[in-house]
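S.K.: If you want the building blocks of each chain, they are given just below.
Number of protein chains: 2
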Amino acid sequence: MQIDLKQPILQKNDELAAELRARFAEHHVFVLDLLASPGSGKTSTILATIDALRDEFNIAVIEGDIASNVDAEKIKAQGIAAVQINTGGACHLESAMIKRAVDALDLERLDLIIVENVGNLVCPTDFDLGENAKVMILSVPEGHDKPLKYPGVFQVAEAVVLNKVDTMSVFDFDREAFDASVRQLNPTAPIFPIAATKGEGVEEWAEWLAERIREIQ
Amino acid sequence: MQIDLKQPILQKNDELAAELRARFAEHHVFVLDLLASPGSGKTSTILATIDALRDEFNIAVIEGDIASNVDAEKIKAQGIAAVQINTGGACHLESAMIKRAVDALDLERLDLIIVENVGNLVCPTDFDLGENAKVMILSVPEGHDKPLKYPGVFQVAEAVVLNKVDTMSVFDFDREAFDASVRQLNPTAPIFPIAATKGEGVEEWAEWLAERIREIQ
Numbered sequence: 001m002q003i004d005l006k007q008p009i010l011q012k013n014d015e016l017a018a019e020l021r022a023r024f025a026e027h028h029v030f031v032l033d034l035l036a037s038p039g040s041g042k043t044s045t046i047l048a049t050i051d052a053l054r055d056e057f058n059i060a061v062i063e064g065d066i067a068s069n070v071d072a073e074k075i076k077a078q079g080i081a082a083v084q085i086n087t088g089g090a091c092h093l094e095s096a097m098i099k100r101a102v103d104a105l106d107l108e109r110l111d112l113i114i115v116e117n118v119g120n121l122v123c124p125t126d127f128d129l130g131e132n133a134k135v136m137i138l139s140v141p142e143g144h145d146k147p148l149k150y151p152g153v154f155q156v157a158e159a160v161v162l163n164k165v166d167t168m169s170v171f172d173f174d175r176e177a178f179d180a181s182v183r184q185l186n187p188t189a190p191i192f193p194i195a196a197t198k199g200e201g202v203e204e205w206a207e208w209l210a211e212r213i214r215e216i217q
Numbered sequence: 001m002q003i004d005l006k007q008p009i010l011q012k013n014d015e016l017a018a019e020l021r022a023r024f025a026e027h028h029v030f031v032l033d034l035l036a037s038p039g040s041g042k043t044s045t046i047l048a049t050i051d052a053l054r055d056e057f058n059i060a061v062i063e064g065d066i067a068s069n070v071d072a073e074k075i076k077a078q079g080i081a082a083v084q085i086n087t088g089g090a091c092h093l094e095s096a097m098i099k100r101a102v103d104a105l106d107l108e109r110l111d112l113i114i115v116e117n118v119g120n121l122v123c124p125t126d127f128d129l130g131e132n133a134k135v136m137i138l139s140v141p142e143g144h145d146k147p148l149k150y151p152g153v154f155q156v157a158e159a160v161v162l163n164k165v166d167t168m169s170v171f172d173f174d175r176e177a178f179d180a181s182v183r184q185l186n187p188t189a190p191i192f193p194i195a196a197t198k199g200e201g202v203e204e205w206a207e208w209l210a211e212r213i214r215e216i217q
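Protein sequences appear in the order of chains A and B. First residue of the first sequence: 1, per this note's numbering; consecutive thereafter. First residue of the second sequence: 1, per this note's numbering; consecutive thereafter.
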């Protein structure tokens, strides 16, 4: 006999995610679930995105980490509401964690919630958080072969942010090979090359996101 | 009622890992389980380690990936036996996967098996594979704050390889802060700064590993 443990866990997660999605829609809040490896520049990308969008939209951030609250502190230092979730070992966020974080936010005054998932290219892929879009970040130092090795996350992403492009010459990163293998997995997701800490390329990425937010307002 | 799913899964894994450990000991084979994020340079580090140790030891590699066999092909191109495990979605290797891979190797003629785990700083931490040592790689572009965010892997590692140190000046990596936070989690693990693709620092790391292998021969 084989017991499938994954299906009941996912089913419970998805039911709560559907409730969250209805609640976000009712308040016209766009929710972005950001997936990436450790150290790919998720927090830097969020800070650059906030800079680009804060004049038009009211933004809050939900930070998911195994441990520590350093990311939430960086966001709060910019005058943006941030809720830290510590998963205490779990390798991904689940909708029940998001529900608790959202209960601490005033949805009525928000236009955008950015969820920074746990640094992991695998586990967060399967979990619906009630978001409007999952977007992934890959950083140049990770290498252009990552779509071959972690296909799932490239398949679920509605956009791919390629971060740290200012270090392209330092690493042996083949942009053409990268784009080709992303296209095989995901024919439609736009690829945004950026250098988050320097603000390079952020405008195009932020405008894509802004367009998505305006659609639901 | 709450059902703890993790314990029975781990218990079954650990029982098989104990059998594997006995089998490795009987054949005097040292098994290294290598943990790291995607793109931290696991395969490059393995290639550099093979270069440093192949005159003294007979080596084989077990490659763990969600998908693809590009890493095993790189190893085989160096004339080293390599078995590719595709987890098909699972975020870590388990002892049952290692058993199947080991059945394809001739333990009698081997001194060292290097297991390249799935790129993930979280999930592989909990799974005993029957190895003699877990070692982790962090790469400089990932940032010096990673011990705070992924403490578990730094706690289980018997050594920490800090890769891509040739890019230290490109990234804002604080070596002192990194060492201090590793020390808080793990007072004894040596930290080996290397640049795997350039061969820098590999000698010290390889000598530490060689010493461990000689102990069991």
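Don't read these hints as lab results, they were simulated from the structure. Glycine included, each C-beta is placed from N, C-alpha and C at the ideal position. Possibly wrong hints are sitting among the right ones.
[Stated by the list, open to error] Interface residues of chain B toward chain A, partial, derived using beta-carbon atoms under 10 Å:
#1 Q7
#2 V118
#3 D145
#4 A206
#5 W208
S.K.: Each of the hints needs a verdict: does it hold here or not?
M.R.: To see whether the hints hold, each was checked on the structure:
The beta carbon of Q7(B) comes no nearer than 12 Å to any beta carbon in chain A, farther than 10 Å, and the hint placing it at the interface is violated. Restraint check, V118(B) versus chain A: the minimum CB separation of about 7 Å is within 10 Å; hint holds. With a cut of 10 Å, the hint placing D145(B) at the interface with chain A holds, because the nearest CB-to-CB distance is about 6 Å. The closest approach between the C-beta of A206(B) and any C-beta of chain A is roughly 23 Å, which is over the 10 Å cut-off, so the hint fails.
Interface hint at W208(B): violated, since its Cβ lies 24 Å from the closest Cβ of chain A, which is beyond the 10 Å cut-off.
Checked against the numbered hints above, the structure violates hints 1, 4, 5; every other hint is satisfied.
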